[in-house]
Every structure is written in C-alpha cells, then in structure tokens.
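Novice: So you can see what is in the structure, the chains are spelled out below.
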Amino acid sequence: MRERDHQSMSTSVNGGGRATQVTKLDRVVIRFAGDSGDGMQLTGDRFTSEAAAFGNDLATLPNFPAEIRAPAGTLPGVSSFQIHFADYDILTPGDRPDVLVAMNPAALKANIGELPVGGMLIVNTDEFSKRNLTKVGYDADPLEDDSLSNFQVHRVAMATLTQGALADTGLSKKDAERCKNMFALGLLSWMYHRPSEGTERFLREKFARKPDIAEANILAFRAGWNYGETTEAFAVTYEVPPAEFPPGTYRQITGNAALAYGIVAAGQCSKLPVLLGAYPITPASDILHELSKHKNFGITTVQAEDEIAGIGAALGASYGGSLGVTTTSGPGIALKSETIGLAVMAELPLLIIDVQRGGPSTGLPTKTEQADLLLAMFGRNGESPVPIVAPNSPGDCFDAVIDATRIALKYRTPVMLLSDGAIANGSEPWLIPRAENLPDLSVTFASEPNALDGSDEHWPYVRDTETLAREWAIPGTPGLQHRIGGLEKADGKGSISYDPDNHDRMVRLRQAKIDGIDVPDLVVEDPSGDARVLVLGWGSSYGPIGAGCRRVRAEGMAIAQAHLRHLNPFPANLGEVLNRYDRVVVPEMNMGQLALLLRGKYLVDVRSYTKVAGLPFKAEELQHVFTEHVEGVRA
Amino acid sequence: MTAVDLGLPSLGGLDLVPTDDAPQKAKDFKSDQEVRWCPGCGDYVVLNAMQSFLPSLGLKRENIVFISGIGCSSRFPYYMNTYGMHSIHGRAPAIATGLAVSRPDLSVWVVTGDGDALSIGGNHLIHALRRNVNLKILLFNNRIYGLTKGQYSPTSETGKLTKSTPMGSLDHPFNPLSLAIGAEATFVARTLDNDRAQLTSILTAAAQHRGSALVEIYQNCPIFNDGAFDVLKEPGEKEQRLIPLEEGKPIRFGPESEFGVVRTDFGGFEVAKVSEVGEDRVVVHDPTINDPSYAFALSRLSTQDLAHTVTGVYRNVQRPTYDDQARQQVAAAAETKPPNLQALLNGNDTWTVG
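Residue numbers (this note's numbering), protein chains in the order written: chain E, 3 to 637; chain W, 1029 to 1382.
Incorrect hints may appear among the rest.
[Claimed, not checked] Short, incomplete list of chain E residues facing chain W, as computed with Cβ under 10 Å: (1) E246; (2) G312; (3) L317; (4) G326; (5) A437; (6) Q483.
[Unchecked claim] Only pairs whose alpha carbons sit at most 27 Å apart, straight line, appear in this in silico DSSO-like list of lysine-lysine: (7) K1266/W x K1301/W; (8) K412/E x K603/E; (9) K1365/W x K295/E; (10) K1053/W x K495/E.
Worth flagging that the hints you see were computed from the coordinates, not collected in a lab. We put the beta carbon where it would ideally sit given N, CA and C, even for glycine.
Generate the whole structure from the sequences, applying the supplied hints.
Specialist: Here you go:
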C-alpha cells in the first residue's frame, strides 16, 4: 500500500434534488482554520467522528495556540484542525490540505501558503472587513483581487447565513453567530457525504442542559448542509469510500485518552489500586481529567500542589503497594528529576508519563517535539538508569502503557513513557482490545523474611537472581519492617553503607537490572529485501517516516524502516540491525538525540535528519531526504 | 464550578489501624542501626520519647510508617523498628500524602526539620496541612542547618551570625505555628525536647487526631546552635517566658502565676499582670475553637527573641480529611458504577468490520 495522491476515480449524478456530480476520491485532507474562539477544534473533532463512523481510515492534527483566547482575529490567535481520511490505511494527518476552510482573514493568511495550486478554499466572507484585513496586514481584500486565482474559491457568508437560519429561535445575533462553525461542518458534511445523525446526537448530549443552544447548533448544521445542496455554488460532491480494516470493533481515540485507558487497564491487569499524582500541564492535563472520571476502577487522582508533590504522592503510593503514576510534560520532568532518582534508589515501581512539547523552558506548550529523550535517559544526578518506552501513534499509547507497567512491576523501577503533543491530541481509528486478552501483570508482595544470614529479618536489597529486582515488601506486612531511602544501601541487607566497593557494586547492579530488561527484538520492514538504507525512528514520527518510505518505494527504490518502542534498554538485536545496512538515517524532532545514543553505543555513523518546528514531519519532506540517501548509497 | 458536599467522616486518628494484642515495650521499637547523632543532640530525647510512647498506642508495629526528608532529624526512621522511608529534601509530606491516601490502615508520621519543612519543603507542608491529610508531622526546630554544618535556617533569629552570614542574617524568621495555623491546620502544638511529659501527651493527642497534626519540637543542636533554647529551660528564666496551655484552664504563667494572657482591643492577645487586669480578663484556653484567628493570636505571643513562648496544644479541631474523602469518592464511584473495562474501552461510538 502506498500513500497515493488523491485523484478522481469515477463520477455519477446525485439522485435527489438538482444534479450534482459525484467524484470518488481515495483520500482527502481538510483543514478547518479560524479564530481560537471559533470552535475549530470541536468542528474538526466532529468531522473526525463522522469519518470514523463512516469507516474511513483517518489521522488528525490539531494545531492551536497556547493562549486560551489570543486577541481575536490576529495571526497568533489562529486555531486549526487538519483531518486526513481515506479508503486505505494512512499513516499521517497529511502534509497539505486539499480543502481549506478559513473562517477569517487571519486563518486565511496563516494557512493559504500550504494550500496547493488547484486546492479548494471555502471562506467565511463575513469576517473580511477592512479592519480585520488590516489587523493581519492585508492591504487589499484577497477575495477581491486576483491573489487567490490559483485556487477554487467558494465565498460563503457563513455568519449571515447562520444568523438567518436562526432568526426565529429568539437567540441573540451574537449567540446565533457563534453557531457558524456548525454551519461550516454541515456544508463540508454534505460535500463529503458524511453521516449526520452522530453530530446531531452529539450536540443534543453536549448541550443537554441548554436545549435551545443544542437546537440552534443543529439548525446551523442543517443550514450548512442545505446550503450545499440547494445553492448552485458547489457543482461537485465527493465520496471517500470506507477503508478496509482488519476485522474487529473500532473506535476513534486520541493519544491522551489511550494513555488514560492504558493506565486503567494496567491497574486491572495488575490487580493493584492506581494512584495518579499530577499537576496540570499542557499537553498532559487531559490524562488527569480522563482518569478522574474513572475512580470506579479503584483509581485515586491527586491534583498535587506542584509537579514534585505529584510524583511524590505517586511514589508514596507505590511504596504502599499501589501502582503509582505521574503524568506531565518536559518542564514537569525537570522538576520531578530528584524524585525519579529516589525511585531509582528505592527500586520501587513507578510510571512516569512525559507528553513532550516544544522546549526549552516553557517553550511551545501546544506544539510537539521529541527533545526530552536525553532528559529521560540522563536527566538525574549520579548513575541513575531508567527504562524508556515510546508509543508511535495515538492508539499505540494504550499498549505502551501496558508494557511500561509490566517493566515497572517486574523490575521494580521507575519507567519513563515518552509521548508527545502530536500523539496526545491527534486521533486515529483504534482496534479495541479485548479485555480478556490483556496480559496478566499481577505481582507478589513479599511475605516472609529473606535475610541471607538466616536471621528472621527482611533485607530490602536481596535480589531476584534472574531479573535483579528486589522484593516489594509493603508496610502492614508483619515481620518485614525495614527502612529504605535515598542514601546508598548495603547490597542485600540494605543498611546505610558508605563502603566504596559496595557503592561500585550497587551502581553496577542497578545498571545491570535495567540493561537486562526483557525487550522484544527490533523488527525491520523491508518489503523488497534489497534495501541498503535503513530509516530508524522512535515515537510519533512513525507515521511520517512510514509515509515517506512508501513514497520512496513507490518510485521503485528499496528502503528499510524500523521503529524503536524501547529506547532504554535498546533491543538486543539493534547493533546487528544497524550494521546490516550501508547507511542508517535517523529522523528526529530534536537536534539528534537518538543519533547521539546510537553513535555512542554502537559506533555507527548514523545520518541524523532533524527538525524542531513544533509540527510533525511531512511525508513529502522525508521522501526527499530518504531519496537522497538511497541515491547517495547507489553512487 | 459548583461545589459538592462531601459529608463529614467521624473517625479517630487511629481507628482504621490494626492493634496488637501483645504488650509492647520501648525496645520493640528500636532498630538494629547504631544511632549516629552528635552526643548531646536533642534528637536523642525525642527518639527515646517516641520509642517509649508508641507502646501506649498498642498498634501493630508493621502498620506504623515514618517518612522523613533530609537533615539531621530525618535520619529518625532508620532508628525505628517500623516501616520507614528516608526520602529527599522537603518532600516527605508529599510522599506521605500518597501513602496515607492509599493506605488507611497505616499510622503515618513525618519527621522533618526547620530547613526541610519550612525552607525547601514549605510548599508541601502548607498544602498537606490545608488538605488535612491524616499525617502526624513532627517538626524538629533547632533554628540552624546542622547537617550542612551551620548555616542559618528559616527560623533563625534576624542578625544570626553563621558561616553563610558573617555580617548577620537578614531574613525575617518564620513563626512555624503561625504558618501552620494560617494554612488552617487542624492540630497544632509546640513543645520542648527536654519536657518529656508534655512531649508525650502532645504525641498522644496528635496520634488520636484524625487529620494533619503539626507538632513543633524545640530541639537543641549542641554543635552549631548550642543553648538556643536555654532561656526556656533554665530555672528562674523559663517561668518568665514559657506560657503553657491547658485545655479549659486560664492561660497563666510566671513564678507565681502572676501573668495572664488577655485580649487586646484589636482582637489579638497580650501578656498582662493578672493583678492589674483582673482574673476575669484572663483567656481560658479552648483548642477546639474553629476560627483559626484564636490559635493564630496565641501563636503571635511567641517572638523570635523567645521573650515568650507558648507551649501545648494550640488548636485541635475537626474537619473532613483529604484521604478519607478521596477513598470515599473511589468507593462511591465503584458502587454507583461497577468497573467494566471492556465497556470503558468500547466507549459510545464504535463500528465493526468483518
């Protein structure tokens, strides 16, 4: 399967009403763009749900400013939502939109550069006042001059039409105007033959306490639909048939929701109560919100006074025999570092989720980046190894949490899970796992003294010979009273020890425990088997890298792709895989952090391709990079 | 946002902690670790008092946990034959909060010092107190940094000459109890390391209290701040300065009980000669007054020069605890909606292929 360019496949004539040509497409990318207050994220979410319900494969990319309401009508205030949906399996939210919906001049100006020649532009003309145009630096109205002549432009007075449709509802003009995003959704839903029942049901539920607002939104949605059907502005509608999926039951899911469900499932699989200690931070807060709704699964959520207290409470709960979890983003990890070190020293299970965002410092809170890898790897004082797990897509977050929990419980260690902003807010269809097929993660707490000298004491640092994990002896267990803490402990007995040889041994034991974690081998995808170039990535770049590789192969070139789920320890066969190829290319949304680790550990001259723009890689961009390398090896 | 009435749980501090039928002795609570505080350190006295007092609670030893931060006093857990964690600087209240919330069957104690609790860990302290987590926090206040060899602390008197302040410290000190009462702590007390009887009675009351209890213990550091509290210990001096509180009794002190605490026109308290103001004006101590202004006013009688120091239980009031309510929400949620993982994963919008 390859990432194809969209194309018309057949046309027919619409049955009812006036004759409309129907064009079949295999994929479409639509971008809704407007002011932060225009409800573009909601509009995009609803269109996504419609596409999912229709059976398309899809991927989404929300893109919004950190400010809740940046000054209205300005460029910094533009919020957009891109959805890519198709009749085959797709890997990315799409490089460029085929259709741009611009609700105001700022949205037009910020996004028009990405609309390819011939692309469709639907503009809400009501916002194109002289004042609004001046605000974003338009000297002349682009709708009036010929600057948009390369595009198929549809000028729609969405606010006026919405207000007209709601004239009899008794709603104020302002409230009526606020429904214009549903007008846009209705128009696009008509144009792409989307089912509308789900949206109407959703609006009734969302505004259950304000039935008049619910009805107004539904009226606006229908007005947009009818506008498409009855006016002659749109000669063509489009069909994107359902995609072929493996059999099963599906739903649409975002990365943060999948992380939250993964945590719930991890608690159920381990039969442990879960305590989440967290401090609100973009883009991780939704995990806290979601988990707080599921206390019925034995989940306690503590919204702590700060990041440090969040992980502190989680570690305290782990000490007491719960599954302790903390969720945050990069700035939070910086604050939690000392406690992660304590968890390393105390050798207690702990799940640490970092939804990475642009850095350093406050950086780009709502944008994505992969620049916390070395922070996760080394960001603590002393020799302080921590396993690292990274999901590669929104739905994959679920499996990644289960795996991270397995490692934390089996090896009694804090585990870092590195998601990022693109995965957190992006969504895709998800084959819903069967609960009965999830792994058994149950643990055994210590119940008997384990002193190696035959006494009746508990020695906290006696290790399992295979995993090197120490026993989990929780308070309340008779006869096993013991003390742990951040000071170096004597191997085995666990008393405070300043002995030089003991410290050297303990440092190596802690490292050996992490190095010995059971991690599956890296799988390489190389359909032709002839590839001399390997592309190796990690995390959310899986989609763009895969799409880039498909494009390269579609040009008749061979290229291999592999993606790391485990960044620490690396899969045992990684060195062998790296040495199998003439060239290894490592694309990352950072300055080459994985590349540095690979070079250091395997002495392989990997080629780094880096970008830190706050947005995912584009498939086209990677196609060019990969092609250059394939050609470079040939030459 | 609307508020929800969460109801008032009415439990004692130890009601959910299992008890031991076998009689216990102080030595049962001594661990095999050699105690390594400096000779003459006030910490020994508190450790001995704790080991002697715990048998009176009759709790199972394995259900008692001491969590500490960093500093001399934070070595305390190593010497107790209970469960314990010597954690990191200032964070003990946060770690203890997670433990207390998830384990109602434990008696959780936090051992901390003036640097640990009031400087690096100030945030966690005030938030544990305002949440009213069922924790007993023992704040060993020696008014100096001992473990780092003698820098001034957040409770050192202004102008303190130390290695880091050769020209005198500039910081105005915290009054720890004013801080705790400002955070609306539900149990607040102060005692001295040399007053074994008062220390033991306060520890008992703190243990029985359901919610956060802050006990400040003035403790002598013989190496870096020796004699810091001598004026509160020397016969002839101490009677002039110590104002002991007893529930239901008029607050009087002095060699001849000639002084009393009376209200000022501004709603605060001041010290007066009872003979001059009359017995009727002397305040009768009531630690159960809910308005924190009362205990706060008492705390303001203690000044950094130790001219007066109020000891005893300032405040002992009931308020729902964070941990009880957190567990109640989890239990109520499970009762209303039995957990069904498959239903959660499915959600409301699914489609089936094949």
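Novice: Work down the list of hints and note, for each, if the structure agrees.
Specialist: Against the structure, the hints:
1. Residue-level restraint check for E246/E holds (minimum Cβ-Cβ distance to chain W is 8 Å; threshold 10 Å).
2. Nearest Cβ of chain W to the Cβ of G312/E: about 8 Å, under the 10 Å cut. The hint holds.
3. With a cut of 10 Å, the hint placing L317/E at the interface with chain W holds, because the nearest CB-to-CB distance is about 6 Å.
4. The closest approach between the C-beta of G326/E and any C-beta of chain W is roughly 7 Å, which is under the 10 Å cut-off, so the hint is satisfied.
5. Among the interface hints, the one on A437/E holds; its C-beta lies about 4 Å from the nearest C-beta in chain W, closer than the 10 Å criterion.
6. Evaluation of the Q483/E hint against chain W yields a held restraint, the C-beta minimum of about 6 Å falling below 10 Å.
7. With a C-alpha separation of about 17 Å, the suggested pair K1266/W and K1301/W falls inside the 27 Å cut-off, and the hint holds.
8. Simply put, K412/E and K603/E have alpha-carbon atoms about 26 Å apart, close enough for the 27 Å limit, and the pair holds.
9. For the given pair, K1365/W sits about 11 Å from K295/E by alpha-carbon distance, which is consistent with the 27 Å threshold.
10. For the proposed pair K1053/W and K495/E, the alpha carbon gap of about 25 Å is at most 27 Å, so the pair holds.
Violation of the numbered hints given earlier is absent; every hint is satisfied by the structure.
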